[in-house]
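Each chain is listed here by its residues.
2 protein chains.
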Amino acid sequence: MCLGGKTIMNNLVTPLLSDLYEFTMVYAYWKSGRHEDASVFDLFIRENPFGGEFTIFAGLEEAVNYVKNFHLTEDDIDYVKSVLPTADTKYFTWLKHIDCSHIKIYAPKEGTIVFPMIPLLRVEGPLGIAQLLETTLLNLINYPSLVATNAARMKLAVGLPAEVQNIFGTQAGKNKDLLEFGLRRAQGPNGGLTASRYSYLGGFDATSNMLAGKTYGIPVKGTLAHAFVSTFSSLKELPSSVIITPDGKQTEFVSNVLDFRKKLSAGNSHEGELAAFIAYAQAFPKSFLALVDTYDTLKSGVPNFLAVALALHAAGYPPVGIRLDSGDLAYLSKQTREQFRKVSNQFRVPFENLSIVASNNINEATLHALTQQGHEIDVFGIGTHLVTCEAQPALGGVYKLVEVNGAPRIKLSQEKAKTTIPGKKEVYRLIDQHGFPMTDLMIRVGEAPPKVGEKILCRHPFEEAKRAYIKPSDVKLLHQCMWDGKRAAEFPTLEQRRQFVLEQITSFRQDHLRYLNPTPYKVSVSESLYNFIHEIWRREMPVAELE
Amino acid sequence: MCLGGKTIMNNLVTPLLSDLYEFTMVYAYWKSGRHEDASVFDLFIRENPFGGEFTIFAGLEEAVNYVKNFHLTEDDIDYVKSVLPTADTKYFTWLKHIDCSHIKIYAPKEGTIVFPMIPLLRVEGPLGIAQLLETTLLNLINYPSLVATNAARMKLAVGLPAEVQNIFGTQAGKNKDLLEFGLRRAQGPNGGLTASRYSYLGGFDATSNMLAGKTYGIPVKGTLAHAFVSTFSSLKELPSSVIITPDGKQTEFVSNVLDFRKKLSAGNSHEGELAAFIAYAQAFPKSFLALVDTYDTLKSGVPNFLAVALALHAAGYPPVGIRLDSGDLAYLSKQTREQFRKVSNQFRVPFENLSIVASNNINEATLHALTQQGHEIDVFGIGTHLVTCEAQPALGGVYKLVEVNGAPRIKLSQEKAKTTIPGKKEVYRLIDQHGFPMTDLMIRVGEAPPKVGEKILCRHPFEEAKRAYIKPSDVKLLHQCMWDGKRAAEFPTLEQRRQFVLEQITSFRQDHLRYLNPTPYKVSVSESLYNFIHEIWRREMPVAELE
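One line per chain: the protein sequences are A and B, in this order.
Going by my numbering, the first residue of the first sequence is number 1, and it counts up by one from there.
Going by my numbering, the first residue of the second sequence is number 1, and it counts up by one from there.
Bound-form chain A, shown alone (with noise of 0.2 Å):
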């Protein structure tokens, strides 16, 4: 069923989904004669979101699929020529034949926890062609990576899957699942297609949106709305009593229920709202969840979920369990579950643990809220907060220029922390002897790689006195080519990749990943480098001047 994200993308993800400046830019590159300047190019985040101290790199399949794709159509080159109307219409006749045939990228994998400062894409090639995909570059990775970010910190707030949660000592049987709710509050059609493929890949369980089940294969879960307990005012609008027992046998229903509804004095509850029980029942016995807070959660609907639920027990189907989606929800699902408890003492039914499902308005920090003061909901269904991410709402993301004909560029900036670190470089993951990540060290393209049991020196890029020897007890090289010209590295699957994600998150130390305070993660360069980047930033940096 999965028909590949690329059919449904292409028709956006063109050259022209770009920035106007990068078209004037090459423009003026190509009339100084600047276009086929070997150039480096590295995309990477300067803090990582949510006040945390971690990043999960998403969006790298669709950034290579659209360099791979790359190439600008005569409708393309007519509206670039509309835009800049006094440009040589040589420069046209370039952008008509450029292709990507001559740029490199070099990525992490897929999945892969990054920090700040490390390049998440190293892309290398003529400087016209690697500037024209400055801004959809940026697009493809920035967003993705924020959601699949925000859906693992969620992940981690109710507890990984038990496979491999013993990690985390503390979280043995927290384990909850997540459903991603957010079509309705998203970024327009593909903002919400986006969410649910990144949401996915970052550890939910399920989507809610149809066209994500379809296009990426993701499972996708839904029960009823509100709506539908509101259009039923009475059991007389129920066209029929009975139901069809496993076996196919048609057996009286709705007495049943009402017999039900007696016994457990929930004679009050709404009459309207069981009817829409009833009839969601009938219409899938085989997976009966109904929304109990339309009129009155625990007066009105547990008592007719309860009715319903024996009755199709009964019948022979286990029902499956209620959402709360508006009040207290720690108090509402224990007084639930309370309930749930005694119907299964009173009528002897496996009702103990169906299935509390809650969804409104959860973020991140309602999590750790929930979990605190204790609750007994099972699944999450989760929409604004996800797909706006609104805690933080866009990664800061950007795309700067490091090399030029093999000599190093540098952005300086009034503020320092949007300097960048000139060159080409490459970066290895150092590991500890417990097996934990100790820090990721960038060195220069061509340096000695840092070898397993030898010390080397580690340092801050910008601090003199933050510095340290380590001892790796095992060294991984971060960055594979995954666009070489010609072809384009094999993705894996997008199940495998978010399985990789929860690998990831396991191979940390807990506290790097942890919600208060957590520890940051110690991003550093090789001695040769930090000497690089320093000398070049007294080269480029004015001295002030002061009267």
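Hints were generated in silico from the structure; no laboratory data involved.
Remember, predicted model here, so these are calculated numbers, not experimental data.
There may be inaccurate statements among the hints.
Identical chains share a label here; the pair holds if one copy fits it or two copies do between them.
Said to hold, decoys possible - Quick list of in silico lysine-lysine cross-link-like pairs, BS3-like style, CA-CA up to 30 Å:
#1 K249 <-> K90
#2 K342 <-> K286
#3 K286 <-> K96
#4 K236 <-> K418
#5 K262 <-> K90
Since chain A is already given, all that's left is putting chain B on it; use the hints.
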């Protein structure tokens, strides 16, 4: 050049761009024979975004296009089947044949200023079809209205165009241009396009997004980035030292620039930056605008710009200006203007009013703060905070059933603000003697509409004590039929709708629109609707029993 939004969007905006629960609910409607019931849904918001007291209604044309083209393909049906394997196969036959020929949509004109509780869309038609539209309609209205409102608020913060600003006495002369730069921080490709389109609708003047320019005919703007400046390290990299004058002659340029640099006592300015500015001026002599903060704004960027600008002026081209992208924008813009003034006097050139563009992480609060402290910025480029709507990244629009088969439906809630206003309603905007809207009055369809010059009792929908007699000087029916099952209303062009938004903004009392402590605009109901709501409320809400 405008290709129209439809072409580019259609492969995403399909009936599957929806939550699964719409399909499960509709199956249950279908199963209980209710899918043909006559239903009315209201799409409305519960509060205005950004702590303000108004909302710009946007997204209507796309919503109507979606309804017009509503159709499930064989492929879509196969996917729905795979997700609902136990459903009756006749359901899929029904799904295959549905369209919106029995749906009617009523709405205010796109660009209208709207308020909480009033329907933004009233959708009438068969329950099973009207229900299926929910998620997609919310996706198509929520974010567009949010970002258009954000854009309009930013436009208000910098002053309206001269022709409409008289009404805001204090803001005369403050009119500035706003450019949308958000593509790289949007939710994927279409998130970026949607942001560009509706920012323009809300009052922005141009976008950097080429595809938005091509698709929607929005003016595009852009010049150069830091990368361009930092590719150059010396004047030796310039392939040519000349420039072509407006009358087609070749004239020496670089040595002229160096002369002016000496006269400006700017011999210490960064040579690579100077080379970059020269190269850019050679490529775009008619539109020379330089990014001046790559090394040091006041010591290098501005003097380098001025040296090139003076030589360009001497060659017969008026320079355009500079862009600031970091640092204290108020201070730097004033200092830059001061340098412009000095040079104007020293060299007798008209440089005093050259353009100063600013673009570093600007939001609505920054715009107000800058206005307050004084600045010399002419144009603001805004990206992240505009497209992500960081101050409130989602508009909480909802889609609620208000009537079935002529009977009113209500959704009660533990949270009062989540209660809906039942029944099919009309909305009249009542205008006071000065021409300003006073209140939006909702009445039941069939009630006598309010009349000019006649006193009518307007009540708060929920609070008994809040009521007033209003004698309107004018009365405007807010909703029109936008889709009647066969034909869509004619939509004005994007440009016309943008103009309509500006008109709307000037037609309201300024105190409703202001940034600090805006006055809430009153939304009221007729006496008859008030009684109707409270009667239903009493009937449906279970009375608590305490023990």
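Tested hints:
Taking the shortest alpha-carbon separations for K249 and K90, only the inter-copy value of 20 Å comes in at or below 30 Å, while the best intra-copy value is 78 Å. For the homomeric pair K342 and K286, the shortest alpha-carbon distance inside one copy (23 Å) is at most 30 Å, but the shortest distance between copies (81 Å) is not. Taking CA atoms no more than 30 Å apart as the test, K286 paired with K96 passes between copies only; the shortest distance there is 25 Å, against 58 Å inside one copy. Taking the closest pair of Cα atoms, K236 and K418 come within 30 Å of each other only across two copies (28 Å); inside a single copy the shortest separation is 68 Å, beyond that limit.
Taking the closest pair of Cα atoms, K262 and K90 never come within 30 Å of each other, the shortest separation being 85 Å inside a single copy and 36 Å across copies.
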